[in-house]
Amino acid sequence: MRLRFTSDLETSPAGDDRLFVMFHGYGNDEGEMVRIIDAVYACEDGLGPDATPHAAQSSAASPASVVSPGTAPVSAAPLGATPSYLSFRGTYGRPYMGGHYWYPDGCGVEERQRECASVGEAITQLLAAPTFASRRNVLIGFSQGGYLSYRLVKAYPDLFDAAILLSPSFKGEESATLESPTRFFLAYGTEDHTIPLDDQRNARAVLEDAGHLTYRTYPGMGHAICTQEIADIRVFLRGL
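So in UniProt numbering the end of the sequence shown lands on 240, straight run, no missing numbers.
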């Protein structure tokens, strides 16, 4: 297996010791997640022109994840000037159409879990390097990349401080359980017809049972990312 990635690593993160480990969705590339994290860090107040932080819609046991409109948690630390990240390209390319993916569209549960495990072995070897020893690892993934991020936490429950799952696929996890201190941000659009509603509900149930979930839904949004979501991600990160 070969992974390609884009990186922006600060050797002295100036108070922001988070390292974002990022995985794009089906048919895209590593630039997708770079655009997302750059947007999260772009506005000093964490908001786009028309967005305000959500009122609490959280299932988390941790008080730090509960926020009120227009505010961040009292204990929140400011984000740094620029994010430090590793953004990976999917292991398979799409001939003729372009873009990449982590596992074949429509493949069985065992195959997708096997592909995620293979990526996990490579990623954890990389994160074991001394360069990353003092960092807090934060996963971010969209769609297939969101499911991959979840599987990494399941396989390595103590390695990641947080995981941001944006419209993740979740097929095959109906009886899953998760024991991990990792804090999760889970989000879907109410008009997301790419991920079946039963899978969305199951993702929420599994992560709620783990005990550290912040859950968001976005009216009218399909299988995509919206400005409000970017604002809510920033508020979540400020609470870490």
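Don't take every hint at face value.
[Said to hold, decoys possible] Listed next, with one range per pair, are the computed distances between beta-carbon atoms:
1. T177 <-> A133: 41 to 51 Å
2. G108 <-> D17: 14 to 24 Å
3. A155 <-> P104: 33 to 43 Å
4. S7 <-> Y92: 14 to 24 Å
5. D38 <-> L126: 18 to 28 Å
6. E174 <-> P130: 34 to 44 Å
7. A133 <-> L197: 23 to 33 Å
8. S118 <-> S175: 19 to 29 Å
9. D198 <-> P130: 38 to 48 Å
Read the hints as simulated data drawn from the structure, not as lab findings.
Built from N, CA and C at the ideal position, the CB exists for glycine as well.
Consistency of the hints with the structure:
1. T177 <-> A133: 41 to 51 Å: With Cβ atoms ~30 Å apart, the hint is violated.
2. G108 <-> D17: 14 to 24 Å: 39 Å, violated
3. A155 <-> P104: 33 to 43 Å: The hint (33 to 43 Å, Cβ to Cβ) is violated, given that A155 and P104 are roughly 20 Å apart.
4. S7 <-> Y92: 14 to 24 Å: Given about 21 Å between the Cβ atoms, the range holds.
5. D38 <-> L126: 18 to 28 Å: At roughly 22 Å between Cβ atoms, L126 and D38 fall inside 18 to 28 Å, so the hint holds.
6. E174 <-> P130: 34 to 44 Å: 40 Å, holds
7. A133 <-> L197: 23 to 33 Å: At 42 Å between Cβs, range violated.
8. S118 <-> S175: 19 to 29 Å: 23 Å, holds
9. D198 <-> P130: 38 to 48 Å: 44 Å, holds
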